[in-house]
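Enquirer: Each protein sequence line maps, in turn, to chains V and B. FYI, in the working numbering the residues of the first sequence are 26 to 143. FYI, in the working numbering the residues of the second sequence are 294 to 405.
Bear in mind the hints are in silico, worked out from the structure with no lab data behind them. Bear in mind the structure is a predicted one, so any value in this text is a computation, not a measurement. It is possible that part of the hints are untrue.
[What the hints assert, rightly or not] The calculated lysine-lysine pairs, modelled on DSS-like cross-linking and capped at a C-alpha distance of 27 Å, are:
no.: 1; chain 1: B; residue 1: Lys392; chain 2: V; residue 2: Lys89
no.: 2; chain 1: V; residue 1: Lys66; chain 2: B; residue 2: Lys392
no.: 3; chain 1: B; residue 1: Lys363; chain 2: V; residue 2: Lys91
no.: 4; chain 1: V; residue 1: Lys45; chain 2: V; residue 2: Lys80
no.: 5; chain 1: B; residue 1: Lys363; chain 2: V; residue 2: Lys66
no.: 6; chain 1: B; residue 1: Lys335; chain 2: V; residue 2: Lys39
no.: 7; chain 1: V; residue 1: Lys91; chain 2: V; residue 2: Lys45
no.: 8; chain 1: V; residue 1: Lys89; chain 2: B; residue 2: Lys295
no.: 9; chain 1: V; residue 1: Lys45; chain 2: V; residue 2: Lys89
no.: 10; chain 1: V; residue 1: Lys66; chain 2: V; residue 2: Lys89
no.: 11; chain 1: B; residue 1: Lys397; chain 2: V; residue 2: Lys91
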Amino acid sequence: GAVVSQHPSWVICKSGTSVKIECRSLDFQATTMFWYRQFPKQSLMLMATSNEGSKATYEQGVEKDKFLINHASLTLSTLTVTSAHPEDSSFYICSAWGERGHLSYEQYFGPGTRLTVT
Amino acid sequence: QKEVEQDPGPLSVPEGAIVSLNCTYSNSAFQYFMWYRQYSRKGPELLMYTYSSGNKEDGRFTAQVDKSSKYISLFIRDSQPSDSATYLCAMSAGGANSKLTFGKGITLSVRP
Numbered sequence: 026g027a028v029v030s031q032h033p034s035w036v037i038c039k040s041g042t043s044v045k046i047e048c049r050s051l052d053f054q055a056t057t058m059f060w061y062r063q064f065p066k067q068s069l070m071l072m073a074t075s076n077e078g079s080k081a082t083y084e085q086g087v088e089k090d091k092f093l094i095n096h097a098s099l100t101l102s103t104l105t106v107t108s109a110h111p112e113d114s115s116f117y118i119c120s121a122w123g124e125r126g127h128l129s130y131e132q133y134f135g136p137g138t139r140l141t142v143t
Numbered sequence: 294q295k296e297v298e299q300d301p302g303p304l305s306v307p308e309g310a311i312v313s314l315n316c317t318y319s320n321s322a323f324q325y326f327m328w329y330r331q332y333s334r335k336g337p338e339l340l341m342y343t344y345s346s347g348n349k350e351d352g353r354f355t356a357q358v359d360k361s362s363k364y365i366s367l368f369i370r371d372s373q374p375s376d377s378a379t380y381l382c383a384m385s386a387g388g389a390n391s392k393l394t395f396g397k398g399i400t401l402s403v404r405p
């Protein structure tokens with residue numbers, strides 16, 4: 026299957042600082058990327074959908090000024106958690122959909138980034 | 294009522310057992326149904342997908358969808374310890390770049 030990478034895989038930051046997470050599609054062009062958040066023993070919750078070259082669409086209840094998403098190229102999307110607080114500690118996962126997805130609903134997931142805010 | 298409900302776990306079975314995992318949903322617009330497997334601290338991996346109602350088989354895995362009952366199942370035959378993971382059902386209304394709605398997930402443990 027297609028390969029999606031995330032960087033970093035694990036990050037610890039202090040409360041009040043910002044953290045940037047990268048999501049890359051390594052062998053295909055991702056026209057759409059999705060960002061999810063997963064708390065322990067909980068399901069994946071969609072945070073936002075980003076299309077290359079346009080503004081992200083955020084799900085209800087997700088603060089767009091706090092979770093900044095940039096999808097500047099067909100292979101890279103970034104999620105920046107601004108002024109992070111301990112309650113933002115979670116597992117952040119991206120997925121990508123693009124020309125390798127021969128069926129419209131097939132998304133390829135990255136390995137996830139574990140964020141801990143102290 | 295949540296859009297997607299998944300049987301609570303965890304579930305522990307002996308090696309070789311047949312495992313049945315189930316989800317129900319409330320949104321009639323869902324047309325595409327998927328099962329993902331997620332190992333600890335990893336991203337989900339697509340296992341099976343089905344469009345509309347019916348069955349689909351892939352090796353030891355069989356996915357069933359009953360749209361009239363809004364009920365989907367994943368069966369694992371001859372379960373192996375390597376099948377131990379969290380299984381999530383996911384659904385989509387379809388269309389280009391459709392977002393997925395996930396169930397909560399159930400953790401399966403297959404004992405040698």
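Enquirer: Run every hint past the structure and note whether it holds.
Expert: Structure-based check of each hint:
1. Using a Cα cut-off of 27 Å, the hinted pair Lys392(B) and Lys89(V) holds, with the two alpha carbons roughly 18 Å apart.
2. Between the alpha carbons of Lys66(V) and Lys392(B) the distance comes to roughly 21 Å, so the proposed pair stays at or under 27 Å and holds.
3. Distance check on the hinted pair: Lys363(B) and Lys91(V) sit about 36 Å apart at the alpha-carbon level, beyond 27 Å; violated.
4. Restraint check for Lys45(V) and Lys80(V): the C-alpha separation of about 17 Å stays at or below 27 Å, so the hint holds.
5. A C-alpha spacing of about 24 Å is found between Lys363(B) and Lys66(V), which places the hinted pair at or below 27 Å, so the restraint holds.
6. About 24 Å separates the Cα atoms of Lys335(B) and Lys39(V), which keeps this hinted pair within 27 Å; it holds.
7. Proposed proximity of Lys91(V) and Lys45(V) is supported: the alpha carbons are some 12 Å apart, at most 27 Å.
8. With a C-alpha separation of about 24 Å, the suggested pair Lys89(V) and Lys295(B) falls inside the 27 Å cut-off, and the hint holds.
9. Distance restraint check for Lys45(V) and Lys89(V): the Cα-Cα separation of roughly 14 Å lies within the 27 Å cut-off, and the hinted pair is therefore satisfied.
10. Taken as a hint, the Lys66(V) and Lys89(V) pair is honoured in the structure, with Cα atoms around 25 Å apart against an allowance of 27 Å.
11. About 25 Å separates the Cα atoms of Lys397(B) and Lys91(V), which keeps this hinted pair within 27 Å; it holds.
When the structure is compared with the earlier hints, a violation turns up for hint 3 alone.
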